[in-house]
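2 protein chains.
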Amino acid sequence: MQQRAKDTRLSVIQGAARVFAEIGYGNSSLSDITQRAGVTKGALYFHFKSKEELALAVIAEQHALVLAAGAGIVAADIPALDKLIGLCKMFGQQLLDEPIVQGGIRLTFEASAFDADVSGPYKDWIATAEALLRTAQEEGSVGSGVDPAAFARYLIASFTGVQMVSNVLTGREDVLSRIDQMWEFMMPALSPLAN
Amino acid sequence: MQQRAKDTRLSVIQGAARVFAEIGYGNSSLSDITQRAGVTKGALYFHFKSKEELALAVIAEQHALVLAAGAGIVAADIPALDKLIGLCKMFGQQLLDEPIVQGGIRLTFEASAFDADVSGPYKDWIATAEALLRTAQEEGSVGSGVDPAAFARYLIASFTGVQMVSNVLTGREDVLSRIDQMWEFMMPALSPLAN
Chain A
104 MQQRAKDTRL SVIQGAARVF AEIGYGNSSL SDITQRAGVT KGALYFHFKS
154 KEELALAVIA EQHALVLAAG AGIVAADIPA LDKLIGLCKM FGQQLLDEPI
204 VQGGIRLTFE ASAFDADVSG PYKDWIATAE ALLRTAQEEG SVGSGVDPAA
254 FARYLIASFT GVQMVSNVLT GREDVLSRID QMWEFMMPAL SPLAN
Chain B
104 MQQRAKDTRL SVIQGAARVF AEIGYGNSSL SDITQRAGVT KGALYFHFKS
154 KEELALAVIA EQHALVLAAG AGIVAADIPA LDKLIGLCKM FGQQLLDEPI
204 VQGGIRLTFE ASAFDADVSG PYKDWIATAE ALLRTAQEEG SVGSGVDPAA
254 FARYLIASFT GVQMVSNVLT GREDVLSRID QMWEFMMPAL SPLAN
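Note that the protein sequences, when read in sequence, are chains A and B.
If you want the working numbering, it's the position in the first sequence, counting the first as 1, plus 103.
If you want the working numbering, it's the position in the second sequence, counting the first as 1, plus 103.
No lab work stands behind these hints: they were computed from the structure.
The model shown is predicted, which means the values in this text are computed figures rather than measured ones.
Do not rely on the hints blindly, as some may be mistaken.
[Unchecked claim] Which bits of chain B does chain A cover? Going by a derived footprint, with three or more residues having C-beta under 8 angstroms, they are: (1) 222–231; (2) 255–261; (3) 271–285; (4) 290–296.
All C-beta atoms in this analysis are idealised placements derived from N, C-alpha and C, irrespective of residue type, glycine included.
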């Protein structure tokens with residue numbers, strides 16, 4: 104794809120993410136999206152055949168964006184458990200700052216509305232968390248009795264619920280402090296002294 | 104309301120819950136619902152003015168149903184911490200067995216599609232959990248250093264995520280074992296020995 108076509112595609116996705124984040128999938132029309140994205144219907148349909156295809160592209164872009172932001176944390180020269188905690192904080196911050204992430208997460212929760220399989224990002228994060236927990240065990244910061252696969256699944260599920268309930272109850276105002284609190288409550292289960 | 108009108112209203116809600124559980128809010132039409140509920144459009148419109156009003160009634164009925172099932176557990180002569188664990192298991196079982204609960208929970212996650220405030224049930228469960236945690240502290244099964252309000256919020260958020268991710272990844276096949284696992288990972292944070 105030429106650079107100009109790529110730029111147009113990205114600006115359609117950005118505009119769509121803003122609209123989906125604000126009013127949700129069911130209430131968004133393609134004309135709302137072209138208006139906000141500052142692109143023509145022709146440009147939109149050149150890249151996306153339907154609202155569903157566009158929504159899936161927003162979810163994919165959101166996941167790519169958070170993964171890219173996470174890559175720096177995963178590559179950093181810090182203990183694995185600190186990487187895992189840092190990834191959760193980074194994701195929380197993106198939920199506050201980044202419209203593509205806000206749109207992608209809202210679409211992920213509403214995905215049943217367009218029968219999309221949204222399991223991929225969950226599986227990616229569970230696999231990342233599991234690998235970091237194994238390294239943390241080698242580093243001695245997580246007890247050897249902890250099952251990394253089971254805890255990774257629990258962590259991703261809890262994180263999903265924590266940010267979702269923060270959104271329902273406070274419009275995400277307390278999401279960062281609730282993520283910190285989640286980690287406080289999780290730490291005793293990971294302690295090498297107890298396991 | 105006369106008993107017959109109440110029965111009709113409930114059968115509309117039950118039929119609607121089945122349709123919402125299967126195909127979601129956005130894809131359901133009022134004629135799908137009248138067909139499945141075995142009631143006429145006239146009967147449906149006598150009780151509900153719109154699909155949104157009907158969806159909110161399904162959520163309310165779901166919440167009432169789970170609260171009623173929980174009342175027996177809360178009143179039982181068992182330790183408060185066991186009540187809290189029992190409530191989570193009961194809710195998990197209802198998610199597997201009860202169409203009204205399946206419909207209500209799907210609608211709660213899709214609620215942004217119809218701009219409904221779904222914070223009420225979350226707040227109720229957080230308050231119930233907080234009260235049980237305070238009693239558990241008095242009974243000595245939860246450490247006195249645990250903040251009951253903070254942990255209650257964390258528990259309800261985690262539970263929400265655990266059942267949601269179980270639905271996305273396994274169609275709820277593993278929901279009961281994931282709820283058990285959640286409790287295993289939570290217990291060390293509650294331990295009276297550590298707090």
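Those earlier numbered hints the structure runs against, lowest number first: Failing hints: none at all.
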